[in-house]
Amino acid sequence: TTERQCAIDECPGWEKGEWSQCSVTCDKGIRKRMVECRQNGGRVEPTLCPVDEKPTEKQSCYTDVSCKAVKAFDGTNLLNYDRYR
14 TTERQCAIDE
24 CPGWEKGEWS
34 QCSVTCDKGI
44 RKRMVECRQN
54 GGRVEPTLCP
64 VDEKPTEKQS
74 CYTDVSCKAV
84 KAFDGTNLLN
94 YDRYR
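Residue numbers (our numbering): 14 to 98.
These are computed hints drawn from the structure, not numbers from a lab.
It is possible that some hints are incorrect.
Stated by the list, open to error - Okay, derived cross-link-like pairs now, DSSO-like style, lysine-lysine, Cα gap no bigger than 27 Å in a straight line: (1) Lys71 x Lys45; (2) Lys81 x Lys29; (3) Lys45 x Lys29; (4) Lys41 x Lys67; (5) Lys41 x Lys71; (6) Lys67 x Lys81; (7) Lys45 x Lys67; (8) Lys67 x Lys29; (9) Lys29 x Lys41.
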């Protein structure tokens, strides 16, 4: 953490949004969220916020469903879903 002097205004800081849903419905995907540099309620240039404190914008996500199991469903004979979880 770096020490900053910001005079009268609050120091700019990173604000992060909620994570999106996983990009896939089976196996491994990616989820994203909004990360903005903000000061006094407004968005400011990212260069004003400390780079070493920036939250992650993307991360891996895993579903409880195997893509192999999803391919086993043929639309008329739905296999026991819980067998593949």
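Check: Are the Cα atoms of Lys45 and Lys29 separated by 27 Å or less?
Finding: 10 Å, holds
Check: Taking only the CA atoms, is the gap from Lys29 to Lys41 under or equal to 27 Å?
Finding: With Cα atoms ~23 Å apart, Lys29 and Lys41 stay inside 27 Å; holds.
Checklist line | Hint consistency between Lys71 and Lys45 [alpha-carbon to alpha-carbon, up to 27 Å] | finding: 5 Å, holds
Notebook entry, point to check: Quick one, are Lys81 and Lys29 close enough, alpha carbons at most 27 Å?
Noted result: Distance of about 34 Å is beyond 27 Å: violated.
Notebook entry, point to check: Would the pair Lys41 and Lys67 pass a check requiring their Cα atoms to be no farther apart than 27 Å?
Noted result: The hint holds at about 24 Å.
Item checked: Hinted pair Lys67 and Lys81, Cα distance within 27 Å -> Violated - the C-alpha atoms of Lys81 and Lys67 are around 37 Å apart, more than 27 Å.
Notebook entry, point to check: Holds or violated: are the alpha carbons of Lys45 and Lys67 at most 27 Å from each other?
Noted result: 14 Å, holds
Margin query: Given the hinted pair Lys41 and Lys71, is their Cα-Cα distance within 27 Å?
Written below: 13 Å, holds
Notebook entry, point to check: Keeping to a limit of 27 Å between CA atoms, is the pair of Lys67 and Lys29 held or broken?
Noted result: 9 Å, holds
Hints 2 and 6 from the list above are not met by this structure, while the remaining hints are.
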